[in-house]
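Undergrad: Go ahead and model the full structure; you've got the sequences and the hints to work with.
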Amino acid sequence: MHELSIARSIVREVEAALQDRPDVQVTVVRLRIGRLSGIVAPALEFGLSFVTEATRLDGARIEITEEPVAVWCSPCQATRTTDGPSVLCPVCDTPSADIRAGRGMQIVNIDLSEPTGVPRDLLEVADVS
Amino acid sequence: MCRDPEPGPAETLVLERNVLSANDARAGVLRERFQTAHTHVINVVSSPGSGKTSLLARLLGDLVGSGVRAAALVADCATDNDAVRLGACGAPVRQIVTDSQCHLEAGVIEDHLAAWSAEGLALRDIDVLVIENIGNLVCPAGFDLGEAERWVMLSVTEGEDKPLKYPAMFAGADLAVVTKVDLAGPCRFDRSTALAAIETVNPGVDIIETSAATGDGCDVLAARLRDAVLRLTEGRAASAAT
Ligand SMILES: Nc1nc2c(ncn2[C@@H]2O[C@H](COP(=O)(O)OP(=O)(O)OP(=O)(O)O)[C@@H](O)[C@H]2O)c(=O)[nH]1
Ligand SMILES: [Mg+2]
Ligand SMILES: [Zn+2]
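Heads up: the protein sequence lines correspond to chains A and B, in order. Going by my numbering, the letters in the first sequence line up with residues 185 to 313, in that order. Going by my numbering, the letters in the second sequence line up with residues 349 to 590, in that order.
Hints in this document: simulated from the structure, not taken from any laboratory. What you were told as hints is all true, and nothing was included just to trick you.
Cβ pair distances, simulated, as ranges:
1. B:Gln383 with A:Thr265: 34 to 42 Å
2. A:Gln261 with B:Ala589: 40 to 48 Å
3. B:Lys513 with A:Thr278: 18 to 26 Å
4. B:Ala463 with A:Val275: 46 to 54 Å
With the C-beta cut set under 8 Å, the calculated list includes, among others, these residues of chain A facing chain B:
5. Ser189
6. Ile190
7. Ser193
8. Ala201
9. Arg287
10. Ile291
11. Ile294
Residues from chain A that keep clear of chain B, each with C-beta distances beyond 10 Å, as calculated:
12. Ala225
13. Glu229
14. Phe230
15. Glu237
16. Gly243
17. Pro252
18. Gln261
Remember, predicted model here, so these are calculated numbers, not experimental data. Ideal Cβ placement from N, Cα and C applies to all residues, glycine included.
TA: Here's what the structure looks like:
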C-alpha cells in the first residue's frame with residue numbers, strides 16, 4: 185500500500201502552504217478521495233496518524249469525503265455519475281473510457297488555530313466585555 | 349450574539365490541492381524529455397508474478413535482435429534477479445530497488461536516467477525504454493512516470509475478474525496484455541469472461557494475448573513497439589530537417 189507515502193505528501197503540501205504562518209496549528213484536514221483513486225481511506229488515516237507526529241498536523245482531525253466516479257456516456261451524450269468504482273453508465277449500462285471525475289485525491293481545506301495561548305475570537309469577546 | 353463555549357477554528361484555509369500533483373509535475377517534465385529524445389517509454393504494471401519479466405525478457409530480445417535500441421528499468425522491493433533476466437539479451441538494464449515502496453514515482457526514474465547518463469548512456473541513444481513497475485495492482489495506478497503507454501498484464505492464472513476488482517489500474521491502461529495463455533487449459537481460464545471484464549472497465553482498449561513460454565503474441569507486441577519507434581524516427585528525421 186502506498187497510503188504511507190500519500191500521507192507524507194499530504195503533510196508536505198500542508199506544511200508548504202503554511203510556510204508564512206509559523207505560529208499556526210492544524211486542527212482539521214479535509215480530503216476528497218476519488219472512488220477510482222485506489223486509495224483506501226482507513227489505511228490513509230492510519231498512515232497519517234504516524235507521519236503527522238511532531239508536525240503541525242499532529243492531532244488534527246481527518247475528514248474524508250468520497251468523490252464519486254463520473255464518466256462521459258457517448259450513447260446518452262451526457263456526463264453520468266456511476267455506482268461505486270464502476271465506469272458503467274447507470275442509465276444505459278454502457279462502459280465508458282472517458283472518466284471525468286473520481287481518479288484524483290485532493291486536500292480540500294484545513295482548519296487552523298493558534299498553537300498556544302488564547303484563540304483570537306475569545307480575545308475579541310474579552311475586548312467587548 | 350450567542351457563542352459556542354468551545355472556540356471554533358480560527359480560520360479555514362482553502363487548498364484544493366491535488367496530492368499527487370508533485371509527481372504529475374515531474375512526470376510532465378519527463379514526458380517532454382522522452383519526446384525530445386524520441387524515446388518511446390512503456391510502463392508495465394500487473395499483480396506480482398503475472399509474468400512481466402518473462403515476457404519483457406523475450407520482447408527485449410526480439411527488439412535488440414531487430415536492431416531496436418531497447419533498454420529497461422526494472423523495479424522490485426528487493427533483489428536484482430529481474431534485472432539479470434532482462435539484461436540477458438544484452439540490452440542495458442538497471443535494477444531499481446525500492447525497499448518498502450510499493451510503486452514507482454517519476455523522481456526515481458529521473459535518478460536512474462541520471463545514473464545512466466553518468467555511465468555514458470543518453471536518452472537519445474534509447475529507442476524503447478521499458479519500465480517494469482512493482483508487481484502491485486493498486487498503488488502504481490496513481491503515479492504517472494511520463495510514459496507514452498501504460499501496459500497492464502493479466503495472467504490466466506489469477507482470475508478472470510481481476511479487472512473488475514482493480515478497475516483503476518485497468519481503466520488507465522493503453523494496452524491490456526493477457527499472459528501465460530499456454531496455461532489457459534489447466535487453469536480453466538474463461539477467456540470470454542476475462543476479455544469482457546477488461547472491456548467493461550476500459551472499453552475499446554487493445555488486448556493482446558501472449559505466452560512467454562511458447563512465444564505466442566510476442567511478435568504482435570514487438571511489432572507494436574517497432575511501429576512506435578518508426579513513427580518517432582520519422583519525427584526525428586523531420587526535426588533534423590528543419
Ligand atoms: N507457463 C508459463 N509460465 C510463465 C509464463 N510467464 C511467466 N511464467 C512463470 O510465472 C512466474 C512469474 O514470472 P515473472 O516473469 O517473474 O513474473 P513478474 O510479473 O515479473 O513477477 P514480479 O516481478 O515478481 O511481480 C515464473 O515462475 C515464470 O516462469 C508463461 O507465459 N507461461
Ligand atoms: Mg518481475
Ligand atoms: Zn448512458
